[in-house]
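Enquirer: Start from the sequences and build out the full structure, keeping to the hints where you can.
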Amino acid sequence: MASLPEDRAALVSPDLPLRANLSARENIALIPLYQKHFDAAEASHQAQTLLEQLGFASIGDKRDPDMNPSERFVAKLARALILKRPQLVIERPGAMLYDIPYPAFLRELASRFEGAPEKWEVFDFDWNRPLYDRE
Amino acid sequence: MEFLLNFVERTGAKAVGWWNATFAVLAFLTEVLSTLVRPATWNRATLDTIVKQIYFTAVQILHVYLVYVLAISWVIITITLSTARDVGLFDAATEMIIRVLLLELLPFLTALLIALRSGSAINTEVALMKVNNELDALSHCRVEPMQFEFLPRIAGGIASVIGLTVLGSVLTLFLAYFSIYGLSTSGFDAFSNTISTVFGIGVLMGLGVKCIFFGLAVTTLPMAAGLETPKKLFMVPVSVLRGMMRVFLALVLIEVLSLALEYI
Numbered sequence: 004m005a006s007l008p009e010d011r012a013a014l015v016s017p018d019l020p021l022r023a024n025l026s027a028r029e030n031i032a033l034i035p036l037y038q039k040h041f042d043a044a045e046a047s048h049q050a051q052t053l054l055e056q057l058g059f060a061s062i063g064d065k066r067d068p069d070m071n072p073s074e075r076f077v078a079k080l081a082r083a084l085i086l087k088r089p090q091l092v093i094e095r096p097g098a099m100l101y102d103i104p105y106p107a108f109l110r111e112l113a114s115r116f117e118g119a120p121e122k123w124e125v126f127d128f129d130w131n132r133p134l135y136d137r138e
Numbered sequence: 008m009e010f011l012l013n014f015v016e017r018t019g020a021k022a023v024g025w026w027n028a029t030f031a032v033l034a035f036l037t038e039v040l041s042t043l044v045r046p047a048t049w050n051r052a053t054l055d056t057i058v059k060q061i062y063f064t065a066v067q068i069l070h071v072y073l074v075y076v077l078a079i080s081w082v083i084i085t086i087t088l089s090t091a092r093d094v095g096l097f098d099a100a101t102e103m104i105i106r107v108l109l110l111e112l113l114p115f116l117t118a119l120l121i122a123l124r125s126g127s128a129i130n131t132e133v134a135l136m137k138v139n140n141e142l143d144a145l146s147h148c149r150v151e152p153m154q155f156e157f158l159p160r161i162a163g164g165i166a167s168v169i170g171l172t173v174l175g176s177v178l179t180l181f182l183a184y185f186s187i188y189g190l191s192t193s194g195f196d197a198f199s200n201t202i203s204t205v206f207g208i209g210v211l212m213g214l215g216v217k218c219i220f221f222g223l224a225v226t227t228l229p230m231a232a233g234l235e236t237p238k239k240l241f242m243v244p245v246s247v248l249r250g251m252m253r254v255f256l257a258l259v260l261i262e263v264l265s266l267a268l269e270y271i
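Here the protein sequences come in this chain order: C and P. Throughout, the working numbering is defined as the position within the first sequence, counted from one, plus 3. Throughout, the working numbering is defined as the position within the second sequence, counted from one, plus 7.
Any given hint could turn out to be false.
Claimed, not checked - Computed cross-link-like contacts, DSS-like style, restricted to lysine-lysine with a CA-CA straight-line distance of at most 27 Å:
1) C:K39 x P:K21
2) P:K239 x P:K21
3) P:K59 x C:K65
To be verified - Chain C is nowhere near these chain P residues, computed Cβ spacing over 10 Å in every case:
4) I86
5) A99
6) R124
7) F155
8) L174
9) L190
10) S199
11) V245
12) A257
13) L260
14) L268
In case anyone wonders, no lab produced these hints; they're calculated from the structure. Yeah, the Cβ is synthetic: ideal placement off N, Cα and C, and Gly gets one too.
Expert: In C-alpha cells form, the structure reads like this:
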C-alpha cells in the first residue's frame, strides 16, 4: 500500500475493503456520522446523494459480497470522496476493476463528480501504461 | 538430554505464549476503559450502535432464553423442594432456591448462553475483520474501530447479561412462589421476607459485579482473540477455538472466585 499522509490523502485501494456487514450507503455514512457528528438520517442522505452523483444510486442497499467489481469500486470511491481530503489516490485500479476497461471508467466517474478533490492520482503498474495512453 | 531440552523449550514457549496472550487481553482492556471514560466516545452514533447490539445480543433471544430459564428453574425448584421435604428442611427451601438459582446458576448460564451465541460470533467477526483489513480501512477513514466496533459490543454484552439475568430471576421467583404456595397469597409475607434477607446490599452488589465481569469476559476475550489472529484465513477457526476456551476458563474462574468470596 502506498505510504501517504492520512490527513491529506483519501485512498481507494484493494487493501482497504468495505465493512462487509454494512451496505454501501452505511459504509459511506459512517464518515459523516462518526467524524462530523451528523445524525444517522443526515449521514445516510449525504451518502446516498454521493452515490447518485456518481451514477450508482441503486447500490445503496447492497452489501460488499452482493456487489460487482464496478459497484464495489464506486462504493469505495464514494467513501474516499466523503472524507473530503485534498488528495484522492486510487491504488492499483486494475486489481479492483478487473472486468472492465478501467481507465475510461475512471475518467467517466471523475467527470460525473462535481466537487472533486484538488488532486486525483492513480497509482498503477508501469506495464499498464498503454491502457491509459490508448484512450 | 535432548528430550529434556525439548521439554524445557516447549514449556518456555507455552509460558511466553500465555504471557503474551494475557498481556494482549490486559492491553485491550486498558484501551476499552480509556475509551469508556473519554467524553467524546459518548455521542449519538455510539449510543445507537450499543442499542443495536443489545437488540442482537439479548432481545433476539429473549423468547428462547425465557423458555430455557423456565425449564431449568422448574427442574431445579422441583428437585430442591422434594429433597427439602424428604430431609425435613422445607422451611429453608425458598432460601436454597434463591441462593442456588438466582445468585449462582442463572447468571452463569446466562453468560454461557451469550458466550456461545454472541461471543463466538464476535470472535469470528473480529478475526475476519482483521484478516480482511477491514479494521485498517476503518482506521484510514478515522472511524475508530474501538468506538464503532468494539465498545458497543462490550457495553451491549454487559447490559445483556445483566438484563437477561434480572428477567430470568424475576421469572424464577414467580415460578418458585407458585411451586411452594400455589395460587394462594398466604405465603407472600414469608416469601418476600426470605428474598429481602438473602438480597442484602452486599449480595446485590456482588451479583452486579459478577454480571459485569461475566459480560466483560464474553465480549472482550473473544475480541482480543480475534485481534490476535494472523492475517491468514485458515487461522480464523483457531482464533475462535482459543477465544472460546479462554471465555470458558474465565467464566469458571469468575464463578469460583465469587463462590469463594461469598461462602469461604
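Enquirer: If a hint holds in the structure, say so; if it does not, say that too.
Expert: Going down the list of hints, with the structure as the test:
no., hint, verdict
1, C:K39 x P:K21, "violated (46 Å)"
2, P:K239 x P:K21, "holds (22 Å)"
3, P:K59 x C:K65, "holds (20 Å)"
4, I86, "holds (43 Å)"
5, A99, "holds (51 Å)"
6, R124, "holds (17 Å)"
7, F155, "violated (6 Å)"
8, L174, "holds (28 Å)"
9, L190, "holds (48 Å)"
10, S199, "holds (45 Å)"
11, V245, "holds (20 Å)"
12, A257, "holds (26 Å)"
13, L260, "holds (32 Å)"
14, L268, "holds (40 Å)"
The structure fails to meet hints 1 and 7 from the earlier list, while all remaining hints are met.
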